[in-house]
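Participant: Assemble chain B onto chain A, guided by the hints.
Protein chains in written order, with full-length UniProt numbering: chain A, 1 to 605; chain B, 1 to 280.
Honestly, I wouldn't trust all of these hints.
To be verified - Here are the simulated DMTMM-like pairs of lysine to aspartate or glutamate, each with C-alpha atoms no more than 20 Å apart in a straight line:
#1 B:K80 <-> B:D16
#2 A:K400 <-> B:E24
#3 B:K74 <-> A:E406
#4 A:K400 <-> B:D30
#5 A:K400 <-> B:E76
#6 B:K93 <-> B:D104
#7 A:K412 <-> A:D282
#8 A:K412 <-> A:D275
#9 B:K212 <-> B:D178
#10 A:K407 <-> B:D191
#11 B:K80 <-> B:E162
#12 A:K363 <-> A:E406
#13 B:K137 <-> B:D216
#14 B:K80 <-> B:D38
#15 B:K93 <-> A:D573
#16 A:K400 <-> B:E62
#17 B:K93 <-> A:D566
#18 B:K93 <-> A:D275
#19 B:K74 <-> B:D38
#20 A:K412 <-> A:E391
#21 B:K212 <-> B:D139
#22 B:K252 <-> B:D141
Please keep in mind that the hints were generated in silico from the structure rather than gathered at the bench.
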Amino acid sequence: MDIRFRDAEPSDEERAAVDAVLGPPATGWEGGARSAADLRFAARAEPRRDLLLPALHAVNDRVGWISEGALDYVCRRLTVPPAEAYGVATFYSLFSLRPRPPRVLHVCTDLACQAKGARRLREQVEERLGPPGETWQESPCLGLCERAPAALALEAGPAPRAEVYAPADADAMVSTPADAMAGAPSPNGSGPRLDVAGDAPAVAAVPQAGQDGLILLRRAGRADPASLDDYRATGGCTALRRAFELGPAGVIREVLESGLVGRGGAAFPTGRKWDAAARQPDHPHYLVCNADESEPGTFKDRVVMENDPYALVEAMTVAAYATGCAQGYLYIRGEYPRAAARLAHAIATARARGLLGPDILGKGFSFDIELRRGAGAYICGEETAIFNSIEGHRGEPRSKPPFPVEKGLFGKPTVVNNVETLVNVLPILERGARAYAAAEPKLFCVSGAVERPGVYELTFGATLRELLELAGTTGTTRAVLLGGAAGAFVTDLDIPLTFEGTRDAGATLGSGVVLVIDDTVDLRQLLLRIAEFFRDESCGQCVPCRVGTVRQEEALHRLSRRVSHDDLVLLRDVGRTMRDASICGLGQTAWNAVESAIDRLGVYE
Amino acid sequence: MIPLQPPRRLIDVQIDDETVRVPEGATILDACRAAGKDVPTLCHGDTLTPKNACRVCVVEVEGARTLAPACSRKAEAGMKVGTGSERARHSRKVVLELLGSSVDLSTTPRAAEWTAEYGADPARFGADAATVEQPAKVDNDLYVRDYSKCILCYKCVDACGEQWQNTFAIGVAGRGFDGTISTEFDAPLTDSACVYCGNCVEVCPTGALSFKTEFDMRAEGTWDESRQSETTTVCSYCGVGCNLTLHVQDNKIVKVTSPHDNPVTKGNLCVKGRFGYGYV
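Okay, chain A solo, but in the shape it has when bound:
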């Protein structure tokens, strides 16, 4: 490959930011100062394209935007063609390729926030800061639905900061001088070094905190998430020890027997996935933890990661042991600075104490985790798009087959599981498959018109009514959006919250979203937001999704002004094609909620 660079010079600050991630360049061939010695040999640069996203983050975190000189330097360092790096950088919404101020406010306008007055917040911010674009921008779901409406300020600088506002108040967000952000010391270890300030205690998201009998949320509010000793004192590492007793095949047998299915939305049997990956003759095997939780209304993975980061580290270690992976990637969405900081700390301390790295617990098993931060793209939660994103390509989904267990990350057999799925493996090993299956826990993210929004843990079989009794509905419940923007509206509260029960009701558990809509919510506006979300987040690869989501939004705009039969037919035609012919789940589900609102709620009658 003969790459041509543009010879735009980076500033000293940009160069320093990139070098902080990649180390200083060894020769003039890869962006260092030219010396006569460089001309005496021809170097073959090692392509390190998978560091593209971390390098772009470094510049964006330091300067606030990515200049031509910075991009060119990153490309030289990593041997990436500038046109492709430009395509990658423009793919993610948290990056800017145009100059902008260091502090950018991201105001959530998504479903749960919209139901809690995001529109007014948006207007107030606009009054103070002007139209969205440079100093502030509208954001898809920030995963703070239990404290809606929410906003997140990201501030670039030598010590980049993140500040969470939830519930957000326009006065506080706009008047906060940048230097008033309280800065905790940066966590050690890999991944982002963002100071995080202004957050309520994470346990505020768990109304059941401290209750007995919880399985997945047992440590919320009880153990210090930063303390490995606390973790071990509350039962941590027992699953890992049990795994070493059982051996890899024994672990897979337990997981198979437990009947655990993926909690990311697709409900694929986890044991079968692990078994298939473990059997692949091609090596190395990779483990990817999908923590790119971006479905509007979903925040359970954030709450688990913030309250119990070591559990995820342990669960990933168990999964890697069972499937023969020496390297794991934890891909977390860029909008979760606090969870990322806690995980970075957990990974670093686990490594220091011999729970990660070579020879874990003296059992001869080696495994390590690299934390990778997304940069604002819902589609990267798709199981194959996540590979492209980690590898430094645009986060576009790949067509399947081949499936990830055959050819995944770097073309190698890969196990990809989401956070909730992985942490379920711990109780399976601690209690045994049978005891686990008898009372299988499931997390739900309850938001909207309820008294106590938050993450709830129930055992499978509970009904939607029982869940809503726990959370306490306010006002007159008109409908419940189950499964998020890709889910469906339901009105029958006696639906059992199981995969089969929701399927029979023509809905889906999806990512566990339970968004309660009362009769004060403008349903047509909510549907418009859903359509806008999918149009915004479509990667643009395939025609049904790229153009279909635009046509869907256009038709809903017309329908919100005037109901017409033609537009309803058009919506159905386009929706059916998106579902049938799109490459991935984003396009395939982009019409679910709208369809259910038309058919079940009669929104355009």
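Facilitator: Same frame as chain A, but now just chain B:
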């Protein structure tokens, strides 16, 4: 000259109730063509790895939840494929409508024919439907980029990048409906890494990339394919011996292509072969 391929096992596939036998590793599209079915394709390139982005070739595979792109899905023994099922035809129709309403398909071969065949009505989305319309980029004397006609099939990117040319002058930038084919920072082609091999023009299925000569003649209204003749000859520049197909109208060369079935070049040329015909 067709080089011998290693022997491959044959598998039986059912296409619309007709059994066809194709070599293992063949795609559903290969099987459909073997069965004499005319499945429309746009982003499929005979010399490129299919990207299956346009979705006009979708077919119904028995037992599958969604429709399958015929151009890239491998045929499997015993697979039952419906090429003309109501579901497949519906999706093709709507995909043609989505494309026709957002992109200028006037120079896309067979687009009008398929639009009529599937009863697609791109106008149904209304006059205000968003399009990708934009001025053509004329920044060099060799070829023109008219992205109003771009369906984002990725073929030019693949041909410029790792599949053929290894120049990487262009990529896909932006996301969703705002995605475009772009050089880095949207710089003019003359400032980019482009080496003007024109292999992107060769694979473009819609005419979004065209010879400057063709672009100018279309603008003047003098482009007339019925008056053109094609002559395949050998490039006279170097010793590789690439095949050139000269497209001649009124005794003037108006563009140069290359046969895709040539086992050495597979339709690819360099700047001299593709554009260096001024001396003839």
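Participant: Against the earlier hints, flag every one the structure doesn't satisfy and list their numbers going up.
Facilitator: Checked against the structure, the hints that fail are numbers 9, 10, 11, 12 and 18, while the rest are satisfied.
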